[in-house]
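A.B. asks: Next come the chains, spelled out residue by residue.
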Amino acid sequence: MTNMIGKPVKRVEDKRFISGKGRYTDDIVLPGMLHAHIIRSHYAHAKILGIDTDQAEKMEGVVAIFTGKDIAEAGINGVPCGWQVDFKNGETMKEPPHPLLVAAKARYMGDAVAVVIAESKALAKDAAEMVMVDYEPLDAIVDAAMAVEDGAPLVHEDIPGNMAFDWELGDREKTNQTMAKAHHTTTLEFVNQRLIPNAIEPRCAIGDYDSTNDKYTLYTSSQNPHLIRLLMCAFVLGIPEHKVRVVSPDVGGGFGSKIFHYTEEALMTWCSKQLGKPIKWTAERSESFMTDCHGRDHVTKAQMGFDENGKIIGLRVKTFANLGAYLSTFAPCVPTYLHGTLLQGLYTTTAIHVDVTGVFTHTTPVDAYRGAGRPEATYLLERLIDKAALEMKVDPAALRFKNFIPPFDGINEPGFQTEVALQYDSGNYAPVLKRAMEMVDYEALREEQASGRNNGKLIGIGISTYIEACGIAPSAVVGSLGARAGLYESAQVRVQPTGKVSVYVGSHAHGQGHETTFAQIVADKFGIAMEDVEIVHGDSESVAFGMGTYGSRSLAVGGSAIMKGIEKVLEKGAKIAAHKLEASENDLEFAEGKWTVKGTDKSISFGDVALTAYVPHNYPEGLEPGMDFASFYDPANFTYPFGAHIAVVEVDKETGKVDLKRFIACDDVGNVINPMIVDGQIHGGVAQGIGQALFEGAIYDESGQLVNGSYMDYTMPRADDLPLFETDRTVTPCPHNPLGVKGAGEAGTIGSAPAVVNAVMDALAPFGIKDLEMPLTPEKVWNAIHNNQ
Amino acid sequence: MVSPIHLKVNGQPRSDEVEPRLLLVYYLREVLNLTGTHVGCDTSSCGACVVLVDGKAVKSCTMLAVQADGSEITTIEGLANGSELHPIQEGFKEQHGLQCGFCTPGMIMTALQLLERNPDPNEAEIREALDGNYCRCTGYHNVVKAIQYAAKKMKKEVFHD
Ligand code: FES
Ligand code: FES
Numbered sequence: 001m002t003n004m005i006g007k008p009v010k011r012v013e014d015k016r017f018i019s020g021k022g023r024y025t026d027d028i029v030l031p032g033m034l035h036a037h038i039i040r041s042h043y044a045h046a047k048i049l050g051i052d053t054d055q056a057e058k059m060e061g062v063v064a065i066f067t068g069k070d071i072a073e074a075g076i077n078g079v080p081c082g083w084q085v086d087f088k089n090g091e092t093m094k095e096p097p098h099p100l101l102v103a104a105k106a107r108y109m110g111d112a113v114a115v116v117i118a119e120s121k122a123l124a125k126d127a128a129e130m131v132m133v134d135y136e137p138l139d140a141i142v143d144a145a146m147a148v149e150d151g152a153p154l155v156h157e158d159i160p161g162n163m164a165f166d167w168e169l170g171d172r173e174k175t176n177q178t179m180a181k182a183h184h185t186t187t188l189e190f191v192n193q194r195l196i197p198n199a200i201e202p203r204c205a206i207g208d209y210d211s212t213n214d215k216y217t218l219y220t221s222s223q224n225p226h227l228i229r230l231l232m233c234a235f236v237l238g239i240p241e242h243k244v245r246v247v248s249p250d251v252g253g254g255f256g257s258k259i260f261h262y263t264e265e266a267l268m269t270w271c272s273k274q275l276g277k278p279i280k281w282t283a284e285r286s287e288s289f290m291t292d293c294h295g296r297d298h299v300t301k302a303q304m305g306f307d308e309n310g311k312i313i314g315l316r317v318k319t320f321a322n323l324g325a326y327l328s329t330f331a332p333c334v335p336t337y338l339h340g341t342l343l344q345g346l347y348t349t350t351a352i353h354v355d356v357t358g359v360f361t362h363t364t365p366v367d368a369y370r371g372a373g374r375p376e377a378t379y380l381l382e383r384l385i386d387k388a389a390l391e392m393k394v395d396p397a398a399l400r401f402k403n404f405i406p407p408f409d410g411i412n413e414p415g416f417q418t419e420v421a422l423q424y425d426s427g428n429y430a431p432v433l434k435r436a437m438e439m440v441d442y443e444a445l446r447e448e449q450a451s452g453r454n455n456g457k458l459i460g461i462g463i464s465t466y467i468e469a470c471g472i473a474p475s476a477v478v479g480s481l482g483a484r485a486g487l488y489e490s491a492q493v494r495v496q497p498t499g500k501v502s503v504y505v506g507s508h509a510h511g512q513g514h515e516t517t518f519a520q521i522v523a524d525k526f527g528i529a530m531e532d533v534e535i536v537h538g539d540s541e542s543v544a545f546g547m548g549t550y551g552s553r554s555l556a557v558g559g560s561a562i563m564k565g566i567e568k569v570l571e572k573g574a575k576i577a578a579h580k581l582e583a584s585e586n587d588l589e590f591a592e593g594k595w596t597v598k599g600t601d602k603s604i605s606f607g608d609v610a611l612t613a614y615v616p617h618n619y620p621e622g623l624e625p626g627m628d629f630a631s632f633y634d635p636a637n638f639t640y641p642f643g644a645h646i647a648v649v650e651v652d653k654e655t656g657k658v659d660l661k662r663f664i665a666c667d668d669v670g671n672v673i674n675p676m677i678v679d680g681q682i683h684g685g686v687a688q689g690i691g692q693a694l695f696e697g698a699i700y701d702e703s704g705q706l707v708n709g710s711y712m713d714y715t716m717p718r719a720d721d722l723p724l725f726e727t728d729r730t731v732t733p734c735p736h737n738p739l740g741v742k743g744a745g746e747a748g749t750i751g752s753a754p755a756v757v758n759a760v761m762d763a764l765a766p767f768g769i770k771d772l773e774m775p776l777t778p779e780k781v782w783n784a785i786h787n788n789q
Numbered sequence: 790m791v792s793p794i795h796l797k798v799n800g801q802p803r804s805d806e807v808e809p810r811l812l813l814v815y816y817l818r819e820v821l822n823l824t825g826t827h828v829g830c831d832t833s834s835c836g837a838c839v840v841l842v843d844g845k846a847v848k849s850c851t852m853l854a855v856q857a858d859g860s861e862i863t864t865i866e867g868l869a870n871g872s873e874l875h876p877i878q879e880g881f882k883e884q885h886g887l888q889c890g891f892c893t894p895g896m897i898m899t900a901l902q903l904l905e906r907n908p909d910p911n912e913a914e915i916r917e918a919l920d921g922n923y924c925r926c927t928g929y930h931n932v933v934k935a936i937q938y939a940a941k942k943m944k945k946e947v948f949h950d
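So the protein lines, in turn, are chains V and B.
Per the numbering used here, the very first residue in the first sequence carries number 1; after that it's consecutive.
Per the numbering used here, the very first residue in the second sequence carries number 790; after that it's consecutive.
One thing to keep in mind: the hints can contain errors.
Below, computed lysine to aspartate or glutamate pairings styled on EDC-like, alpha-carbon distance capped at 16 Å [as the list claims (entries may be wrong)]: (1) K121/V to D831/B; (2) K10/V to E883/B; (3) K661/V to E726/V; (4) K15/V to E866/B; (5) K15/V to E873/B; (6) K21/V to D831/B; (7) K121/V to E819/B.
Here chain B is said to cover these stretches of chain V; the calculated rule only asks that three of the stretch's residues, wherever they fall, bring their Cβ under 8 Å from a Cβ of chain B [stated by the list, open to error]: (8) 11-23; (9) 504-514; (10) 672-680; (11) 719-732.
Because the hints were derived from the structure by calculation, they are not lab data.
Quick reminder that beta carbons are idealized off the backbone N, C-alpha and C, glycines included.
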């Protein structure tokens, strides 16, 4: 059907989920399947002196126990890192091994020491209780800035100062000179706290070795099955790739945490071969807390310099990024190329320098979590500009308008070259903020705030504007920046003989609704019904290749790959249609699902052309039969969505509780295929950003214990913590991809946290409070009010 | 050691022998293969496992299978009437009340109890009722809308009956 693009089509995947028929990895039961329980270090740093498995091995139902020694003896490598960021002096990044099970030393609470495999989950757990691990606890270090100091405990003995890399971007000298001339300088020192992603589906992996064919299948709750296959085969287990099938069926949320190649995936695959049986491991929630990669955890000092007219002239940033105990798959690129490169923001700042030190600590590895680097950059900029507005006594919205980059569409006007390597594709920034202010009725709200203050009511209004780099990513560019993979996407458009269409995509949906959005595009372009289109994803056996879903890339990169396939189909179809209609291709037009000879009523339908392609009796000479096209799309640039968020809060002076009254989001994600799904993505992202601002944060004690590693202790937003969100959008199409789309998955998270924090700071301004660290818990806010009164 | 249990699940009588320590959620998932009921935590905090036990919404990870002996249980799989969706299921679809779908069965079963007790809840009452259910995808916005949709539809149905 034509005109499907831009419609809020209801999701085709919903039916199975609302009926309890979703198929997540843990729902899979294979004949003869065994169950694994992983024994994990409860110390953050400890020598492993010995492991006694004797008693456990004798227990009923126990099939095998493997320890770090077994893995080392089998010569299995650890899981690799996929991105290299070197030292400023050219020295190579430090990349310690990350074994599947550690043999000599545990380096964070949760590090895997041994695995018990038994006939049931309960028996495996019972037996694990009887495995005696003899630890010698050692001093631990958890804070990134402290880990680089002399005398700090070392996470890896051979890595001095716990430094993985140190990195800079921008012109240091120019920035220092510019900052020296600043009329006003605003300084902010803060921690962008560590978050725990907490997809509601715990991670799960099933290894299944088939000895008859010497083939392996891995079922895993992953955002990118093909990349897992590549990394596990080539770098960990040394199995030829064609011998391994990786399936990621329905996945219950990812938010970044399911991008990475985790040790459990390779461990289950290897164990299955040893025992000749399928083996399942499903994380318990407390395991998820300890072992799903965490996000953020930056310790930062930043300075923004203004001239006498309030124009931003310089920005200087120093960050210590906590990487945890090992380098996870994409860890090095998050605080560098996804953070430092975004520090231009929406502003015309002329000198920027950022310096980032990547640091090992005795904590869970840190990697991309929804937004990945971009929320950290946005938080830094938006807190700075708000604090500056307060110090310079100007309206925070006015200060932003003054500094916005003027509009450019990327076609008639060139893209905007930033001071930090990127070239923005297209942008028109003032309208999003204007619209958000209109939605919230900014002027009236300021008046309400003023009168409220006279009556002791603490209302706060917080603005944040943001830009992000999405549609990740042009392969050559990221390759030059250290990526060890290309970041294109693949799609295969297969028109079946009856005119039905199957599309095999390398993107992976875990809530994003690809089965609907992608089908809308195909139905629209071919003029066929949605029901006649099927989207297949998540299985390396049916989908040729893929780079998965993260970095808001599925539509911008994966959708573009589908568009290439669609074009190829239409091109070939036109040849067949011309032959059948005895007309020249140039005289044909394709609309409403048929080729018509222009100016006549002679036409042939999409379905008839498809059938002809497979029954080529009367067929153009020399043309191959069939209608099946694989395409790869490598983007020309990142895409750059942007937006403005406004939070309205009321702070209860007596309890310190922040009540989020309203939340307004006006985003520009380029063209929109399904507005219902885009709104949903914004809602979810906003909620996670609010979570960071008000509730969430991993807490480690000095010995490296994760003290809030459960849902009883780690606070995430619940339904009654949030209001209904008010959303709108402007549309500035992406100039360099065929759909003009930019990506919407992370926007909400990036914009929302600073808006909420700015609102709370605005509410607390009468007390002279300028900075508080996230999360803004009642305790923290109450203490600030009462210590400042 | 095993204990016999006799109960009704989605209208079907069942008799099984289970380990006394087996949680109801694992009985449903692993013995009966009703995998629509999910496990999201180990602290009874997430609500992904909510089912109805004798008409009451219960986190099935907080109950042993042997405690359900003699009960009538409804899971997400038993909610639709043949191919006709329950209004709450329809509400979730119509209002985009789910993304990854993992929390959804628990949300729907919780909403069912809410609407049975309070057919016309306001937004605050809906949010309060969902307090035991985590969703990490939707920000709850469209979950609230879905339940409002269902409430309206169910009222109409009652009116027509
Ligand atoms: S699994 Fe029952 S509440 Fe989380
Ligand atoms: S829809 Fe994914 S957790 Fe609720």
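A.B. asks: Each hint should be assessed against the structure and marked as holding or not.
C.D. replies: Do the hints match the structure? See the list:
{"no.": "1", "hint": "K121/V to D831/B", "result": "holds, 14 Å"}
{"no.": "2", "hint": "K10/V to E883/B", "result": "holds, 7 Å"}
{"no.": "3", "hint": "K661/V to E726/V", "result": "holds, 11 Å"}
{"no.": "4", "hint": "K15/V to E866/B", "result": "holds, 12 Å"}
{"no.": "5", "hint": "K15/V to E873/B", "result": "holds, 11 Å"}
{"no.": "6", "hint": "K21/V to D831/B", "result": "violated, 23 Å"}
{"no.": "7", "hint": "K121/V to E819/B", "result": "holds, 11 Å"}
{"no.": "8", "hint": "11-23", "result": "holds (count 12)"}
{"no.": "9", "hint": "504-514", "result": "holds (count 4)"}
{"no.": "10", "hint": "672-680", "result": "holds (count 4)"}
{"no.": "11", "hint": "719-732", "result": "holds (count 5)"}
Of the hints listed earlier, the one the structure fails to meet is number 6.
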